[in-house]
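Student: Sequence:
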Amino acid sequence: MTGISVGGARVSGVDAAELRMDPATGEGGVIVDSGTSVTRLPARAYAAVRDAFRAGAVGLRVARGGYSLFDTCYDLSGRAEVKVPTVVMHFAGGADVSLPAENYLIPVTSSGLFCFAFAATNGGLSIIGNIQQQGFRVVFDGAGARLGFLPNGC
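Going by the UniProt record's numbering, the letters in the sequence shown line up with residues 1 to 154, in that order.
The set of hints was computed from the structure by calculation and includes no laboratory data.
The beta carbon of each residue, even a glycine, is placed where N, CA and C say it ideally should be.
Among the clues, some could well be false.
Listed next, with one range per pair, are the computed distances between beta-carbon atoms [as the list claims (entries may be wrong)]:
no.	residue 1	residue 2	range
1	A55	A143	39 to 49 Å
2	G148	G35	14 to 24 Å
3	K83	A143	18 to 28 Å
4	G66	R137	28 to 38 Å
5	A120	G26	14 to 24 Å
6	R61	F140	38 to 48 Å
7	T86	R61	15 to 25 Å
8	S77	A17	35 to 45 Å
9	N122	S77	25 to 35 Å
10	V62	M21	33 to 43 Å
Sequences are here, hints too, so could you generate the full structure?
Tutor: Encoded structure:
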């Protein structure tokens, strides 16, 4: 992953340099993990993405206090439809993965509480979690050192 856009704008501070693995220490980098629920980013990168999402989520009723590991939640009870900023993950070679809203604003209670499904991690490793992978066929090409995301209707 080389960056993230929110609401059509690249998020400053979330770039290839921030996400790259340091070959000298093995720290950092990005993995795809079907066993991790939400995408985790280093604290500074997460804060930048979260703040961009909050700035673009105008008109949504903020739920104070968060929920579990989520610090950005909204009370959407009684709302049939909401408008949220787009979230796109960018990859080397110009590949972009536009996430559907249900892959980053998820219900956490039956009473209408929804949370932004990204979180900070204590270390430098970024993890693309299974909520963001839903609805995509994830293709790993180890020989070609490539990763692909194809829309999948499952």
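Student: Under the constraints set out in the numbered hints, which ones does this structure not fulfil?
Tutor: Of the numbered hints, just 3 does not hold.
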